[in-house]
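2 protein chains.
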Amino acid sequence: MKGNKPVVAVVGATGAVGKEMLLILESRDFPVAQVRAFASERSVGEKVPFQGGEIVVEALTEDSFEGIDLALFSAGKDTSEKFTPCAVKAGCVVIDNSNAWRMDTSVPLVVPEVNPDDLKWHRGVIANPNCSTIQMVAVLKPLHDAATIQRIVISTYQAVSESGQKGISELESQILHLMNGQDADTHVYPHQIAFNCLPHIDSFLDNDYTKEEMRMVKETRKILGDDSLRITATACRVPVFYGQSESVNIETAKKLTPKEARAILCQTPGVEVFDNPHENIYPMPFAAVGEDSIFVGRIREDESIERGLNLWIVADNIRKGAALNAVQIAEKVLEMDLLRVS
Amino acid sequence: MKGNKPVVAVVGATGAVGKEMLLILESRDFPVAQVRAFASERSVGEKVPFQGGEIVVEALTEDSFEGIDLALFSAGKDTSEKFTPCAVKAGCVVIDNSNAWRMDTSVPLVVPEVNPDDLKWHRGVIANPNCSTIQMVAVLKPLHDAATIQRIVISTYQAVSESGQKGISELESQILHLMNGQDADTHVYPHQIAFNCLPHIDSFLDNDYTKEEMRMVKETRKILGDDSLRITATACRVPVFYGQSESVNIETAKKLTPKEARAILCQTPGVEVFDNPHENIYPMPFAAVGEDSIFVGRIREDESIERGLNLWIVADNIRKGAALNAVQIAEKVLEMDLLRVS
Numbered sequence: 001m002k003g004n005k006p007v008v009a010v011v012g013a014t015g016a017v018g019k020e021m022l023l024i025l026e027s028r029d030f031p032v033a034q035v036r037a038f039a040s041e042r043s044v045g046e047k048v049p050f051q052g053g054e055i056v057v058e059a060l061t062e063d064s065f066e067g068i069d070l071a072l073f074s075a076g077k078d079t080s081e082k083f084t085p086c087a088v089k090a091g092c093v094v095i096d097n098s099n100a101w102r103m104d105t106s107v108p109l110v111v112p113e114v115n116p117d118d119l120k121w122h123r124g125v126i127a128n129p130n131c132s133t134i135q136m137v138a139v140l141k142p143l144h145d146a147a148t149i150q151r152i153v154i155s156t157y158q159a160v161s162e163s164g165q166k167g168i169s170e171l172e173s174q175i176l177h178l179m180n181g182q183d184a185d186t187h188v189y190p191h192q193i194a195f196n197c198l199p200h201i202d203s204f205l206d207n208d209y210t211k212e213e214m215r216m217v218k219e220t221r222k223i224l225g226d227d228s229l230r231i232t233a234t235a236c237r238v239p240v241f242y243g244q245s246e247s248v249n250i251e252t253a254k255k256l257t258p259k260e261a262r263a264i265l266c267q268t269p270g271v272e273v274f275d276n277p278h279e280n281i282y283p284m285p286f287a288a289v290g291e292d293s294i295f296v297g298r299i300r301e302d303e304s305i306e307r308g309l310n311l312w313i314v315a316d317n318i319r320k321g322a323a324l325n326a327v328q329i330a331e332k333v334l335e336m337d338l339l340r341v342s
Numbered sequence: 001m002k003g004n005k006p007v008v009a010v011v012g013a014t015g016a017v018g019k020e021m022l023l024i025l026e027s028r029d030f031p032v033a034q035v036r037a038f039a040s041e042r043s044v045g046e047k048v049p050f051q052g053g054e055i056v057v058e059a060l061t062e063d064s065f066e067g068i069d070l071a072l073f074s075a076g077k078d079t080s081e082k083f084t085p086c087a088v089k090a091g092c093v094v095i096d097n098s099n100a101w102r103m104d105t106s107v108p109l110v111v112p113e114v115n116p117d118d119l120k121w122h123r124g125v126i127a128n129p130n131c132s133t134i135q136m137v138a139v140l141k142p143l144h145d146a147a148t149i150q151r152i153v154i155s156t157y158q159a160v161s162e163s164g165q166k167g168i169s170e171l172e173s174q175i176l177h178l179m180n181g182q183d184a185d186t187h188v189y190p191h192q193i194a195f196n197c198l199p200h201i202d203s204f205l206d207n208d209y210t211k212e213e214m215r216m217v218k219e220t221r222k223i224l225g226d227d228s229l230r231i232t233a234t235a236c237r238v239p240v241f242y243g244q245s246e247s248v249n250i251e252t253a254k255k256l257t258p259k260e261a262r263a264i265l266c267q268t269p270g271v272e273v274f275d276n277p278h279e280n281i282y283p284m285p286f287a288a289v290g291e292d293s294i295f296v297g298r299i300r301e302d303e304s305i306e307r308g309l310n311l312w313i314v315a316d317n318i319r320k321g322a323a324l325n326a327v328q329i330a331e332k333v334l335e336m337d338l339l340r341v342s
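Protein chains in written order, with my numbering: chain A, 1 to 342; chain B, 1 to 342.
Treat the hints as calculated values from the structure; they're not laboratory data.
Which copy is meant is left open, because identical chains are indistinguishable; a pair holds if it fits in one copy or across any two.
Okay, derived cross-link-like pairs now, DMTMM-like style, lysine to aspartate or glutamate, Cα gap no bigger than 20 Å in a straight line: (1) K82 to E41; (2) K254 to D145; (3) K259 to D208; (4) K218 to E306; (5) K120 to D226; (6) K255 to D208.
Sequences and hints are given; from them, build the entire structure.
Rendered as structure tokens:
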């Protein structure tokens, strides 16, 4: 800390999410004494822009965290597993965007609008949930409070930017090749993603669900603090660069009309209701890009059950789905005076 | 009839589905004495290829159906409403791909693998279901027979070719413009479809569902002959040219394991099981293009309920979803000797 402001590190500063973290720290005037940028060996020496100047990217070592108060990690699971213990040992609070610690019972998994109080029991590491989970729980939390959600059936429409720069490049390059009558090479995904849908995100587990699908089940239960929640998910990659859509069907214990749900969601911080379909107003990934809000619309009574709703939820997966949520966690940590490890 | 073979008309012969109908009639050696092609005024005089020769496109009038035994209509609802009565009056059997007659109680709505016996009560018009319905009911029918489906929750990923040539051109042109740094004009859809998802197919009804979503509910009940089936759907357009995907969650009265469901579906005519996710084998629109089969995979136990399954169903929306199903209906009509109006 220098003059009451923290020294902040961004680990993975040259990736899609890391870059966005720097932009968001700057645009939200996050109080910093200094920002340091870390990345893998091949990016060392590169410069990343910040507050009108430039930060030189440093190599990450076990000793990097001396004097750093807060580190935002977005460099993949392996880097998080290797370096967060060093960071914590050096007295740094880590907000980790990977899935290394999300299901660790000693690590809070936080969406600041949903479960800020879980930050109180952090022991140095705070996990940022998966993007698919963040946007869904932010919308479902107030409905759960009002009517007790019993079951959730989810189908996702996920963007290639979730795989980082390499996902973006893969879709771009495949489209250019196909539009020029050439074959589309595949490097990042097991099959062509251009003009295709891949019901396959992350690897498959023994129960034939993907890790991504089970993350939505487990992370949602952990964040909402309700292990009895019954959830099933199908996760699909679609040829969209940015912006993640979810078709979410919920069954509640108490009847909730679409009108009541809309009224609740209109009051929910971080959520915007875009629901006037007869005027062609509904959430879309194209319109969510660059936005901080989570958008919800197509709110309809599920006529197949007594107490059910269908919802369509969209957010910028890089922004609220990753970088923004991490910075918002950091803001809450400062606000709640939780920077020093308890 | 000439020498026991019918005179066949294709109405809408220059459209995406009409062209495919001609190709399929030819490739399946459908027995014809003659094929005549009809389209709107602006296509009259154009030539469409058939069996190595060419058919000159004729204008459609109320007197066009003299001497025609079987007409495949795919020229939109208005044309069907106006001309099918003339065709029937002239003794012609109409297989109609529009949504003009699908919910008419005097018109059978048929997927030949599912409810061929409904053809017996036709009175001149047989309706071809919506593409989203066809691929789903073909997979669900044998599971319904085995375990009685009680509820279905559907989310769709629909291709632009469902909107005909103009949908294909819209996506193509938007991508070219965007890739060249220009704005994407919208003509066919209310918003950009390139790199976007539109939870909006056909127009919105008073209950805030789209007509497309309610078609899946009503057509499925009619084809499976079970008005008690509880169904809810969310229909979404994705930036895919050909091939339609569906995430389908079912709840059954009798327990059905994924293994049992796979065994049943492996025996189902017209359906292929593509379900070895650990080898990256699952249905995809990209791989379904040009195929006659309906593909099903990602068959998993829904762990959120006692007797549930998740399925991922994909088919070529122009082929099995429209043109092929219509020709297969025509084949059944001949086979069952139902060409003359009863």
